[in-house]
Amino acid sequence: MSDFAALREELQPECEALIAQYPDKRSALLPIVHLFQARQGYVTRDAMWACAEMLELTPAVVESTVSFYTLFFRRPVGKYMLQVCRNLSCLLNGAETVMAAFRDKLGIGHLQTTADGLFSYEEVECLAACDRAPCMQVNLEFVYDLTPAAIDDMLAAMRGGTYPVAPLPQTAKPARTWAVAADGEVALGDKSPGAENASDPNNAGGIGDRSGVIMLDRILAEQSRFTGRTRERLPNEPPAAMREIAQEEAGHAH
Amino acid sequence: MAMRYEPVLLKGIGEADLRDIRVYRERGGYKQLERAFRELSSAQVLDLANASGLRGRGGAGFPTGRKWQFLPANGAPRYMVCNCDEAEPGTFKDHTLLEETPHLVLEGILIGAYGIGCHHAFIYIRGEFKRGYEIMRRAVDDARAAGFIGKNLFGTGYDLEFTIHRGAGAYICGEETALLNSLEGKRGEPRLKPPFPAVEGLYKAPTVVNNVETLAYLVPILERGAEWFAGVGTERSKGFKIVSVSGHVRKPGNYEVPLGVSVNELIELAGGPREGRKVVAVQPGGGSSAAIFEEHFDLPYDYESMTKAGSMLGSGAMVVFDDTTDFVKAAHSLVRFFAHESCGQCTPCREGGHWLERTLARLVAGYGLQSDIDVLESVSHQMTGLNLCALGDSIEPFLASVVKRFRPQFEARVRRNGAS
Ligand SMILES: Cc1cc2nc3c(=O)[nH]c(=O)nc-3n(C[C@H](O)[C@H](O)[C@H](O)COP(=O)(O)O)c2cc1C
Ligand code: SF4
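So the sequences go chain by chain: F and W. Just so it is clear: in the first sequence, position 16 is 16 by the working numbering, and no numbers are missing. Just so it is clear: in the second sequence, position 361 is 1361 by the working numbering, and no numbers are missing.
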């Protein structure tokens, strides 16, 4: 029996209990996906097919639904998912320093995973803990009142295996890991790292696509071809942040 | 500083472990549920909700009893869904109630479910609240063991089932019809209204969606009477409200006050501004609300006054900004939030949010164009009133209010000719 078949057999009773909680079995989709992700570290293709079978849905419907939710990871992630709040109250209380510290100490940016597969890093929206800003979640456990010193201790404890929050299970190594030059002064609003088999996490047209930025860059790069109304709205030179993104895109072109 | 007002829902938090059902019951917990089932009819519970003047605490402030009355009176199957998807920037009251006093939340939901005569109630808990979810699971198990959930409650023959549903990261699932889709195992995309949930909600059955805080207030209302609740507050904003105060204050936190205390008093309760600083703006009702300014700080904090000041009371989250605030960054942060959370069904919301975010990002980076500021104003104007749900209309208010008030800050980010 394959590993997944064994896991599915083990979780079958729990899945059935979840289904029984609802008048309609499709409602059990989110809870069952949570269940599999908690064991596999991310939402595998096998898990989505299993959901489709159990709930009598098509795999496409399952994947479409799963892809809507940012806490369902559709590609392997690090053992510690670090999600730092970038929203208003945290911003007013030093979130920028915290985010800069993480980027600097981990050598990665928003939505990326370190090469050793230990850390994934995301800048997320309001976590409803604004009285303890700046705050974050580590594998969905809250960490409050962050300071750069506390971040050092946290990362050291995670590396040393003494951090109190359990690591996520990691059944597959994160496939694309890379460090990128600074993302510029502002993190862009990318939505999710995309699916496991997408050619690039920011694949154009897919979720989290950067087509807007790419388009702006093209316009900026070929200014001479744009005249009149468009022209007066363009800066003379592409901002550094956009140049970097363009370079990054070029480096990862499919 | 001592609390100036006696807490109602927040009572006992920090003194005792209210997550323990024995502690909660020793303090009178579940007595009102029992009383409702044994002594009151569903119609009487609804009357109490109406007489108390209780209005929804989730954002729209709709009168709770009136919402329940929209349900058809034919006794057809119906559902009660408690909305614990709290993700409105600045709001952290439901999070606290869920983690600190889960039985109060549960008791309120069960009373509300009885009030509308339904036999299956749900709570939708935001995916990020993993700890809160585990706490609620234990609370439900304990309540079930104590006979407060299940068949033939209190020997009355009334059955009431309860299910906890956990989200998976999406602010839009707080919108009631998106929440119902998510609860049905679908993408959390809002539905076209009408039909409203009261007519066609969960599994196409009549459904009431109420906020955590709204339902929790049913417990003290039953205990102390509708007149007690209606006797507090202002003419049309009755009772108490938990206000989440954060930002540039010395003691951010949840402050439960009678509706109608002044904005200034709330800032004072939260410890006032930091040393040597002055408050220049307040966002009084979560990320969706427009900012109000010094000239408004004496106003009573209630639904009507906030609306009159050009903003809203919303979810009751007050974000305080002092004179060090970079309002370009603040506006960018909120616009980026909405652009990120847009479900993408409506073009004005999806595209408008995205381009506002890009434009603001350029201003934040100091590369703005003079025309960018006009673009901000015109785009945000064109987005409003054209969307399926209120998210699309929530992008403009804060942005417009701070561009108008702090325009020089935005102009300072325009790229100077020759400089880079
Ligand atoms: C984008 C959006 C997000 C919302 N998020 C929440 C939320 O997190 N919690 C909540 O109670 N209501 C939220 N609401 C309001 C709900 O749609 C609904 O009005 C509310 O849950 C009704 O409860 P109430 O009558 O008790 O206030 C949101 C609305 C919108 C448009
Ligand atoms: S307004 Fe925005 S979030 Fe609401 S339904 Fe339309 S696209 Fe979705």
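Please keep in mind that the hints were generated in silico from the structure rather than gathered at the bench. Fair warning: there could be bad hints in the mix.
Claimed, not checked - In silico DSS-like links for lysine-lysine, alpha-carbon gap of 25 Å or less:
#1 W:Lys1308 - W:Lys1404
#2 W:Lys1329 - W:Lys1278
#3 F:Lys173 - F:Lys105
#4 W:Lys1251 - W:Lys1151
#5 W:Lys1031 - W:Lys1011
#6 F:Lys25 - W:Lys1329
#7 W:Lys1186 - F:Lys25
#8 F:Lys25 - W:Lys1151
#9 W:Lys1278 - W:Lys1404
#10 W:Lys1130 - W:Lys1186
#11 W:Lys1278 - W:Lys1251
#12 F:Lys105 - W:Lys1329
#13 W:Lys1329 - W:Lys1404
#14 W:Lys1130 - F:Lys25
#15 W:Lys1011 - W:Lys1186
Owing to the predicted nature of the structure, the values given are computational and were not obtained by experimental measurement.
Indices of hints not satisfied (ascending)
Checked against the structure, the hints that fail are numbers 4, 6 and 15, while the rest are satisfied.
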